[in-house]
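Produce the complete structure using the sequences and hints provided.
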Amino acid sequence: MSEGTPWRRIARSHELMLAVILAGILAFAGWRMPQFLAWDGQLNLSRQLWETALIAMGMTLVVIAGGIDLSVGAIMGLCAIAFGICHQSSQSVGLATVACMLTGIGCGACNGGLIAITRVHPLIVTLATMAAFRGMAEGISQGASYSRFGEHFGRAFAGQGPFGIAVGGWINFALAIVLATVLSRTRWGRYLRAVGGNELAARYAGVPVERLKFTLYLGMGLLSACATLISVARFDTAKADAGRGMELEVITAVVLGGTSVFGGSGRIGGTVLGLLLIHETRLFASRYWRIDELRQIVVGCLLIGAVAAYQALKREVRREK
Amino acid sequence: MTRQDRANDPGRDSGDGSGNTAAGGAGSSRGSSPGSSSGGTSGSWYSVRSTWRSPAGGRELGLALLILAIAGVVGFHDPVFLTGVVWHDILVRCAPAIIVSCGVMIVVVLGDIDISVGSIMALLAALLGRTLSSHELQWSVWAGVPLVLLSGAMIGCVTGMLVTLGRVPSIIASLGMMTLLRGFATLAMGGKNIDGLPEAVVHASKTGWFGIPLGPWAALLVVLATYILLTRTALGVRIYATGSHPESAGNAGLPVYGLRIFAFCYAGFLTAVATVVDVPRLPKIESGIGSELELFVITSVVLSGVSISGGRGRLSGVVLAVVLLTLVRPVLTFLSVGEAGEKWTKAIHGLFILLAVVSDRFSATMDRRKKSR
Amino acid sequence: MTPPPVLRIERLGKRYGATLALRDVTLEVAVGEIHALCGENGAGKSTLIKILAGVVRPDSGSITVGGKPLRFGVVGESERAGIAVMHQQPTVFPDLDAVDNLFVGHEKTRAGGWWLDRSAMRREAEATLAALGESFPVDIPVGNLPLAQRQMTALARALLQNCRLLILDEPTASLSARETAALHAAIDKLRQRDVAVLYVSHRLDELFSIATSVTVLRDGAHVLTSPLGAIDRAGLIQAMVGRGAAEQIVDRARQGDVAPSHPTPGRPMLCVERLGRAPTFYDVTFSASQGEIVGMAGLIGAGRSEIARAIFGIDRYDSGSVVVDGRRLGGGSVREAVQAGMALVPEDRHCEGLLASLAIDENISLAQLPRLSRWGFVRRREERAVVGEQIGQLSIKLGAPSDPVHTLSGGNQQKVVLGRWLSTTPRILLLDEPTRGVDVGAKAQIHHWIRRLAGQGMAILLISSDLPELLSLCDRIVVLRQGRVAGEFRRDEATAAQVMARALPDNPLPGIDQGILP
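Residue numbers (the numbering used here), protein chains in the order written: chain A, 1 to 321; chain B, 1001 to 1373; chain C, 2001 to 2518.
It cannot be assumed that every hint is accurate.
If you only want the chain A side, here are some residues facing chain C, beta carbon under 8 Å, derived [as the list claims (entries may be wrong)]:
| # | residue |
| --- | --- |
| 1 | 154 |
| 2 | 155 |
| 3 | 159 |
| 4 | 163 |
| 5 | 164 |
| 6 | 185 |
| 7 | 186 |
| 8 | 187 |
| 9 | 200 |
| 10 | 214 |
| 11 | 265 |
| 12 | 267 |
If you're looking for bench data, these hints aren't it; they were derived computationally from the structure. Quick caveat: nothing in here was measured; it's all calculated off a predicted structure. Built from N, CA and C at the ideal position, the CB exists for glycine as well.
Next comes the structure, spelled out in structure tokens:
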């Protein structure tokens, strides 16, 4: 590879660019408010990250395969309602957990089946199921909210794990390692990139495109169910509006992480950095300026800015070639 | 050949070359004419001979029949549903969505997408309240309203420039704008609700003329203007051409960037129009205004058969789709007394799109079988 | 006193990385001239066209159109200068009807330039098409029209916009002979209207019948320019390849004096029984044995590629069966076909073959991954071995195996797709137009491989529109007509005339192409 200015090297690696920005923000934050970097405080605030992270990592794979899943938030709503109703009628957390998981798998299978069989663009299918699932959750629950699932459940899914990191955090670490391995070392990772790059050619090359897609969206349903459990345990409440806005937050993180929205390329590491960047920026913006709305403004600017900068640098590199 | 032709275009749908909901597989009406017998071309059996120019196609017919059927069934169940009061209400409710959809549809026909309209509406509503309210700046209507309209167009212009000059994919640019503008809207509201808009504005929005409020009048005007723009002017042809094949459009010397920026501008402007005509109807302005507008609008556009990969779609379908989706909530209220039914609105919306998706697929397959002899 | 040339290219140079795509190319095209541009793949023709279209910016040199210098790298500038480029797949607007296609960007308007004058545009569109000798409905989306009519739409657009220089890039590669003749007639009409034409084609016969002069490029450099009357076929080929050997192989093959690949075919490997998929093909029955090359001839649209797709499991079939080595396949599953030992090298390299999102080595090993992985994990060392073997065997020229595929030239990309399937050591190889758009040398190389593979005992189904190729390579030829088997010939029975006679429809339907094979 050619030498080149640091800028060009950064442009070649999106992760490096994100890491530099993240380090800059953390350095600035540490300079202005030294207590911001305290490990305990960071750990405590990281709890709100875990549900999003879980789904974002799954979404990375979906986007790499050229798809998108807008229905994740709605699946969370439906799963939460399934959990609540099952718990109310049986008073058993175990049974409710199973119901929640089954609902997630069912929704995922519904998405995957429709996408694989009708071959309609996933954006449209999941737009439809997003409305359908959320509507079902609202219609079934009629605005009711369920709570008091017991301390045991709370501890199992939102409690403290080893090293002071929440259970959700450990689930995330495990998932990140598994998915990153799948993506880089297994043939399924190859297939994902192949389908995302050129679906027709992938089909000609014997890639089981339909099965792959079905599995992906099924997996998204399952991850959404897991995220629901963590979120329900954290708030000790199950409502139809669980996971509202989740889809956009997750897609923001994935895209910020350098995964191509057109499919074909992307990494789990990028998504993790994207998530951290959004998380830290939000935390700092809201704690330093003490204005809550700034979080949204900063995240919006970050998303547009990072993608625009990346596009500009990419063009620059191409021109120099 | 056609299949490859389509697959060549970046950003086209993947899969077997079928357009989005208008699933392919039909090709030419002449069964075995060379070159088009394999792979999908465009549209289903009903749209083989109709371009975007024709006023209506199979999808429009289906939507219209569905609306009539629903009205008939509910009217049979409860004749009150067929009275003027109910339809007056439906008309007023769907007016802002129709206005915004006209803009978003053009964006989608050009192959982009705009999911920031809801946040634009929130920010503009805040701007409207801040400038006109008797508790705030107390500007004249003739200064405040043009400012709001201009701001809407400017915001759209910014999104358009990000998408074209900044090369940020439109879904990301408008997602970022959506988050960002919602933040600005909340900031602009300053944590309180605004009321006390000038009497003239409120009157126009609530009562209007000849018994119909400003909203439906404006919607009628916007639909007419957009229809003429799309089918009777050179601009319309160029918009469809660019959406159909952006690369050729560039080679043919069409101002592709200009057209796309114009579309976002127009969508922003129409969002401002919708804000001005609809927001004063509400008792007070809050920061949550328009929070699900973008989804509603995109859902209508998709339901109407506009291809999300660009180049295809009719305005008549968009209007009918908005009416159909708006109809769901009052119908549910009528069928089951009280709030219980209303909560199912979204589920029905989702069902409609799924129905459209599956029926398209089904008709494409049936068409292939039918051609066998 | 001759008028100034429409196009003058002077000392044009373009470098991609280490390769010189164009070196000091100089070229002139005069008014009313049909100028042929020849050269092997990679000779620099496509780079030249891209520069003229304004897509690529050259490093040096200048271009003047009608005496005015052309600004480089500005999209739309070429059209403004009067240059129209038509590719093999014409770039029309598929969702627009022919009228809009012809006029978009230069619409006729009334009332101060705002209101479209549709009736005037429609009249003029029909008149323009009639002038080109065509009449088809102008109010249906052109995406629904056959390829030939889409090309005519593009030509008519060029004519309407007073183009001065028309560039045609392999316009006839997918056309039948009748459509080609119609296209040539239309081009001639354009010429009479003082349009200069730059015509790029691999089909030399065509060039001799239509062009007035020829320029040959080789390895990015200008080799010769001469009136076509002053050069013969052999001389032209000599200039293109710069070596005589490759063409000799092809010529000998064309005369059919090469020994059959395998005198006694082994047991039947692929038996296709009454296969049907509405509305493209019905009741197709044929078989291929070990070491046998079975050709499939037919007009474009006769359903040949679709049959290959159905056999390979990409499309489902409605009726019939596919039996591989005595085992019946369920259909609709590529995986099953691959496991049965089948491989398909598709017709369209970019859409159906290559995966731009994967590296070269990943592209080659893709079909092999189930065998190259354990518990889903790809075994890199074995993958490297397989990839290395294919790269060596097919002599693919590349930088590093982990480079992106777009760094390869067109011919090498085709080899990557071929290598992907050869590495699976298939027992049945389906080849769909393997030599379309390939230059003479590479064509001979591919023919050599096909013979060698059959000699190793592979059953090969060769779909081709190149009749001499089929006649020289195949042990048997199956002829398709309108989706049905219209005849089958053994090698010693088959003549070009007989095959063509069977391929033609007996009672032509409106809209069905009646051309003969190119």
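To see whether the hints hold, each was checked on the structure:
no., hint, verdict
1, 154, "36 Å, violated"
2, 155, "35 Å, violated"
3, 159, "33 Å, violated"
4, 163, "30 Å, violated"
5, 164, "34 Å, violated"
6, 185, "5 Å, holds"
7, 186, "4 Å, holds"
8, 187, "4 Å, holds"
9, 200, "6 Å, holds"
10, 214, "14 Å, violated"
11, 265, "6 Å, holds"
12, 267, "13 Å, violated"
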